[in-house]
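So the chains spell out like this:
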Amino acid sequence: MSDLEKTSTRTGLGKSIEEFGDVSRSFYTDLRVVLMFIGDITRISGHLIRHPQKMRWNDVFYYMNLCGSQALPIVAMICLLMGLIMGFQGAVLLRTYGAELYIVDLVGFTILKEMGPLMVAMISTGRAGSAFAAEIGTMKINEEISALATMGIEPSRMLVIPKLLAMIVVIPLLTVFGAVCGILGGFLVGSGLMGIPAAAYYNRTVQVLTLSAFNIGIIKSLVFAVIISLVGCFRGFQASADAQGVGRATTSSVVVSIFLIVVADALMAVLCYVLGY
Amino acid sequence: MEKVIKVQDLTIGYGTLTVLDKVNFHVEKSEIFGILGGSGCGKSTLLKHLTGLYLPFEGDVQIFGQSIINCEDDERRTLMRKFGVTYQGGALFGSMTVAENIALPLQEFTDKSAEEIKQIIKEKLAMVDLEGCGPMMPSELSGGMRKRAGLARAMALNPSLLFFDEPSAGLDPITSAELDRLIKRLRDDLGTTIVIVTHELDSVFSVTDRVIMLDKNIKGIAADGSAQNLRDRSENSWVREFLSRAGMKFTN
Ligand SMILES: Nc1ncnc2c1ncn2[C@@H]1O[C@H](COP(=O)(O)OP(=O)(O)O)[C@@H](O)[C@H]1O
Ligand SMILES: [Mg+2]
Chain B
141 MSDLEKTSTR TGLGKSIEEF GDVSRSFYTD LRVVLMFIGD ITRISGHLIR HPQKMRWNDV
201 FYYMNLCGSQ ALPIVAMICL LMGLIMGFQG AVLLRTYGAE LYIVDLVGFT ILKEMGPLMV
261 AMISTGRAGS AFAAEIGTMK INEEISALAT MGIEPSRMLV IPKLLAMIVV IPLLTVFGAV
321 CGILGGFLVG SGLMGIPAAA YYNRTVQVLT LSAFNIGIIK SLVFAVIISL VGCFRGFQAS
381 ADAQGVGRAT TSSVVVSIFL IVVADALMAV LCYVLGY
Chain A
31 MEKVIKVQDL TIGYGTLTVL DKVNFHVEKS EIFGILGGSG CGKSTLLKHL TGLYLPFEGD
91 VQIFGQSIIN CEDDERRTLM RKFGVTYQGG ALFGSMTVAE NIALPLQEFT DKSAEEIKQI
151 IKEKLAMVDL EGCGPMMPSE LSGGMRKRAG LARAMALNPS LLFFDEPSAG LDPITSAELD
211 RLIKRLRDDL GTTIVIVTHE LDSVFSVTDR VIMLDKNIKG IAADGSAQNL RDRSENSWVR
271 EFLSRAGMKF TN
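The listed protein sequences correspond, in order, to chains B and A.
Residues are numbered in the numbering used here as their position in the first sequence, beginning at 1, plus a constant of 140.
Residues are numbered in the numbering used here as their position in the second sequence, beginning at 1, plus a constant of 30.
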């Protein structure tokens, strides 16, 4: 028997993710654990789609409020400022070419396809992803995860699926909301600083922003929502049972999540280019 | 006597560390069974394997005649619903009230109406002397109350087998004695089989019928029998010492 097979494995949730978190092992083993976790979530999701009454809807609404409604002010603020910043940057350049109106295209496209989804994802990583990791990590230290498992309840059904579903719903909505705020920021610069009439700005916006740009933003935000929730939860389950365990899990969830978001964003940019969007 | 738990050649550990090597024992129906031993000898590890949280390197654990090791995940979860486990700190779900904690297994696994569930919660809370604490959050409870609430939750589905991890750890002697009485009452009134991990000698002598003593050095069971018997007549001097007052300072 190899060492790996001899390892005492945890039953239930992704079998052994906890132990593997404590003892760092080969990349292959880590990858296996991640894949097992994803497989677990997929299986349970499939089961819940067939038995929706088993879903903990109250939890879903709780997280929709926590990760969605409560994030509105910060998303509004940051996306508005992003629009303003991009507007200012573009204004200087475009004015030298006398192409002021293109500020609409610049801000609109960038916010809708790129900065909006990315900013909302970053904010949500800091707010939601880290909270998921801390919550699950603390539960693990208090043996609440063990208690769930020995009750015969799959911890991932209780703890991961409601968060994942809530995020899949609210992150795209936040992204749309953020895009509107960003475009408003661009408008403030365009009309206030560059003297573009409000009607012209509006008409140009409606004219240039295509459905495909909108779709790309939504698809990106969906991918980011999945990354943030799964990384946050996974790191929480991996938290080691010492005093710093939860802190480390939280930090790591943020770092890993941001890294994966940027990588996914790059991959999707390449994909969009290849597909000609 | 009917055997509720049967452990055969169980070898457990973490990674390359073997904590217990080929241990064999059984627990009989309506027995209060103690798992004793010094710090780090593998009591908690053993409990996690008995309750199906971990899979062993080798060997088998049968509960109610059914293996909790060699089975599908679904079967294991079904088996897990037939026993209750209370954890050291109570392990109450911090985001739910005490009543919601107790209601959880009932909502998940029974078709009981909200009214019936309310009734059961009341009954279980009365059993552990926590009447009226249903609406409280776990953070508002003291350590002893949390443990008792955890016990109420573990009893929600009326299991005939209960596991306790260090029920008296961190409690004052009076609260701890109350918990011991509660454990005894459960067995006497309901015939519940009870497995306790403990190092509290008072509890050991007042509640357990039979104990096993785990020894780190032999990675196995050093002694098996009633606590009084082992203290007075064990051939193993370490066991006698451990169970007499003088041994207290060697325990965790
Ligand atoms: N998660 C873990 N990973 C690796 N080793 C562990 C883990 N938990 C416990 N151990 C080790 O296993 C042994 C038994 O621990 P434990 O069962 O907690 O002892 P006890 O409960 O009797 O004090 C100890 O040597 C401990 O260091
Ligand atoms: Mg222990």
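No wet-lab data here; the hints were simulated from the structure.
Just so you know, not all the hints are guaranteed correct.
[Said to hold, decoys possible] In silico EDC-like pairs for lysine to aspartate or glutamate, Cα to Cα no more than 20 angstroms straight-line:
1) B:LYS194 with A:ASP245
2) A:LYS112 with B:ASP199
3) A:LYS52 with A:GLU105
4) A:LYS249 with A:ASP262
5) B:LYS194 with A:GLU138
6) A:LYS59 with A:GLU32
7) B:LYS194 with A:GLU58
8) B:LYS194 with A:GLU88
9) A:LYS52 with A:ASP254
10) A:LYS52 with A:GLU88
11) A:LYS112 with A:GLU88
12) A:LYS246 with A:GLU271
13) B:LYS194 with A:ASP104
14) B:LYS194 with A:ASP90
[Claimed, not checked] To list a few chain B residues with every Cβ distance to chain A over 10 angstroms, as calculated:
15) PHE201
16) LEU220
17) ALA239
18) THR278
19) MET279
20) ASN282
21) ALA287
22) ILE293
23) VAL316
24) ALA338
25) VAL363
26) GLY416
Note that the coordinates shown come from a computational prediction; the quantities given were computed from them, not determined experimentally.
All residues carry an ideal CB built from backbone N, CA and C; glycine is no exception.
Verification of the hints:
Of the pairs offered as hints, the one joining LYS194 (chain B) and ASP245 (chain A) is violated, with about 45 angstroms between alpha carbons and a cut-off of 20 angstroms exceeded. A distance of roughly 26 angstroms separates the Cα atoms of LYS112 (chain A) and ASP199 (chain B); the hinted pair therefore is violated under the 20 angstroms criterion. Between LYS52 (chain A) and GLU105 (chain A), the direct Cα distance comes to roughly 25 angstroms. Violation of the 20 angstroms bound is thereby established for this hinted pair. Between the alpha carbons of LYS249 (chain A) and ASP262 (chain A) the distance comes to roughly 23 angstroms, so the proposed pair goes past 20 angstroms and is violated.
With a C-alpha separation of about 8 angstroms, the suggested pair LYS194 (chain B) and GLU138 (chain A) falls inside the 20 angstroms cut-off, and the hint holds. Note on LYS59 (chain A) and GLU32 (chain A): the hinted pairing holds, with a Cα-Cα distance of about 6 angstroms set against a maximum of 20 angstroms. For the proposed pair LYS194 (chain B) and GLU58 (chain A), the alpha carbon gap of about 36 angstroms is over 20 angstroms, so the pair is violated. Only pairs whose Cα atoms come within 20 angstroms are accepted, and LYS194 (chain B) paired with GLU88 (chain A) is rejected, the gap being roughly 35 angstroms.
Annotation: proposed proximity of LYS52 (chain A) to ASP254 (chain A) holds, straight-line Cα distance about 15 angstroms (limit 20 angstroms). Distance restraint check for LYS52 (chain A) and GLU88 (chain A): the Cα-Cα separation of roughly 8 angstroms lies within the 20 angstroms cut-off, and the hinted pair is therefore satisfied. Note on LYS112 (chain A) and GLU88 (chain A): the hinted pairing is violated, with a Cα-Cα distance of about 24 angstroms set against a maximum of 20 angstroms. Between LYS246 (chain A) and GLU271 (chain A) the CA atoms are separated by roughly 16 angstroms; this keeps the pair inside 20 angstroms, and the hint holds.
With a C-alpha separation of about 16 angstroms, the suggested pair LYS194 (chain B) and ASP104 (chain A) falls inside the 20 angstroms cut-off, and the hint holds. Distance check on the hinted pair: LYS194 (chain B) and ASP90 (chain A) sit about 32 angstroms apart at the alpha-carbon level, beyond 20 angstroms; violated. Once the 10 angstroms rule is applied to beta carbons, PHE201 (chain B) is consistent with being away from chain A; the minimum gap is 13 angstroms. With a cut of 10 angstroms on Cβ distances, LEU220 (chain B) stays outside the contact zone with chain A, its closest approach being about 33 angstroms.
The claim that ALA239 (chain B) lies off the interface holds: its Cβ sits roughly 54 angstroms from the closest Cβ of chain A, which is beyond the 10 angstroms cut-off. Once the 10 angstroms rule is applied to beta carbons, THR278 (chain B) is inconsistent with being away from chain A; the minimum gap is 7 angstroms. With a least beta-carbon separation of about 7 angstroms from chain A, MET279 (chain B) fails to lie farther than 10 angstroms from that chain, contradicting its non-interface assignment. Here ASN282 (chain B) does not stay apart from chain A, with its beta-carbon only about 6 angstroms from theirs, under the 10 angstroms limit.
A Cβ of chain A approaches the Cβ of ALA287 (chain B) within 10 angstroms, the least distance being about 4 angstroms, so the stated non-interface status is violated. Residue placement check: ILE293 (chain B) does not keep its beta carbon more than 10 angstroms from all beta carbons of chain A (closest about 6 angstroms). With 10 angstroms as the threshold on Cβ separation, the claim that VAL316 (chain B) sits away from chain A holds: the shortest Cβ distance comes to roughly 29 angstroms. Remark: the non-interface label on ALA338 (chain B) is consistent with the geometry, its nearest Cβ contact in chain A lying 47 angstroms away (cut-off 10 angstroms).
Every CB of chain A lies more than 10 angstroms from the CB of VAL363 (chain B), the least distance being 28 angstroms, so the non-interface label holds. GLY416 (chain B), annotated as away from the interface, keeps every beta carbon of chain A farther than 10 angstroms; the closest lies near 45 angstroms.
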